[in-house]
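With the hints as extra help, turn the sequences into a complete structure.
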Amino acid sequence: MAMTIEDILQKTTDLPTIPAAALRVIQEADLSSCTASTVASTISTDQSLTAKVLRLSNSAYYGLSREIVDLQEAVVVLGMRCVRNLAMVAATYPWMSKALTGYSLEPRAMWTHSFGTAVGAQLIAQRARIKNDDTAFTAGLLHDLGKVALSVWLEKRFNVIVSVAERESLPFNLAEKRVLGFDHTEVGYHLAKSWNIPDTLALAIRYHHAPSESPVKNTFVDCVHVGDYLTMTMGFGLGGDGLHYEFDEDSLDRLGLSFTDLDAIMDAFVHSYHAYDSLFQELSVA
Amino acid sequence: MVTEQTMVGMADIQVIDSKGQLVCLGLGSCIGVCIVDPQANVAGMAHIMLPATFPNSVNDKPGKFADSALPTLISLLEKKGAQKSRMKVAYAGGAQVFKFGENSSKLDVGLRNSQAVAEWLQSSGLKVISSDVGGTVGRTVTYSMDSGDFKVRTVQKGESTLCNLKGS
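One line per chain: the protein sequences are Z and F, in this order. First residue of the first sequence? That's 1 in the working numbering, and the numbers climb one at a time after it. First residue of the second sequence? That's 1001 in the working numbering, and the numbers climb one at a time after it.
Every clue listed holds true.
Listing some non-contacts, in silico: residues in chain Z with all C-beta distances to chain F over 10 Å:
(1) Gln27
(2) Leu78
(3) Asp253
Okay, the calculated bits of chain Z under chain F, using three or more residues with CB under 8 Å as the criterion:
(4) 227 to 237
(5) 264 to 270
Since the hints were derived computationally from the structure, they do not count as laboratory data. Where a beta carbon is used, it is the ideal one built from N, C-alpha and C, also for glycine.
Below, the structure written as structure tokens:
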């Protein structure tokens, strides 16, 4: 009997989870009542998450002259959006850093790709002068959520999907759909909806390989699509599916960017990504 | 015995003149170019990101662009005793995102990188032994000083020896 997305979500024993406090940070991000103080108090309800955010805040990356000892201080010194991003990084790293054998992703490769896409999507949002560029960061971080859930089910089917992609000249996500009946973007979307995260993010997960098909205009879908393209192109966290995905140039038009911008964005992207090395060191000991 | 590996990071150039290996990890559209003078026993590798230096801007990292990485790599090898007439070259990478049909796009940085490297090497007169570029797969390339083997590893096909840069 064919597997359904519901089966995947019900039967996968180690589905990714996000601490409740981090979920509330995402859910409240777009509310007018969201302030630096509410972000700090939401994260503070989770001691483990708080400790991780403080450790990241004190990493060499931020080069602060004194130690930050509580979240209120962190939001004052680093800013609300930065602390929100750090909370997302701390909340997702534990499961994103694991190997995903179904996609031939070595340990940390999924993390490298997801974090790279987050950095890329945020840079693109900034270049396109989009407000709330930290939403682009979160959307980028979560975009391949479905792969984490699907990986175990792909272990025996991966070669079939690759064969279909090559034989029928299909991008990997369409070959996935041909073989399984759905692809990792749909699984990720369903998982995201089960977490009650805002539609803005759920749609970015769902349409990151087909941004022009998004039923509602959502600029973060385009940011993630281009960020994903940059990250794949630079070879960050490539698995067995490699770069076997299409790039939709209409995304660039909607963002008001031209292809001539992309080399410069790519250069800035690599600079930004490598600057995070000290942050990664904190994550590996967290 | 543990072989000493010298990692060649993005936009980096490394030269070695003893035992060991040069490694470019996770090449997508980037190109890993290896140049060897077997007689002088020196080898170098560049991890090239983009085809050409941006006009009107300072190039703070020559390894980043094909048009600055290759002359810099050759100059570093020459300082270690290598001679251009004896140099042998192999390179790999330049993958691109999937696309329908054969229409090329200016967005294809992988294709532009491989073209830039091929054109520069041709005009330099260096002896290119082998190359493995294009496709939609990520690659890791390794050069071993001991064996002279230039190897390419992909997730799907594993590791294979593309060529040997030490033989005559």
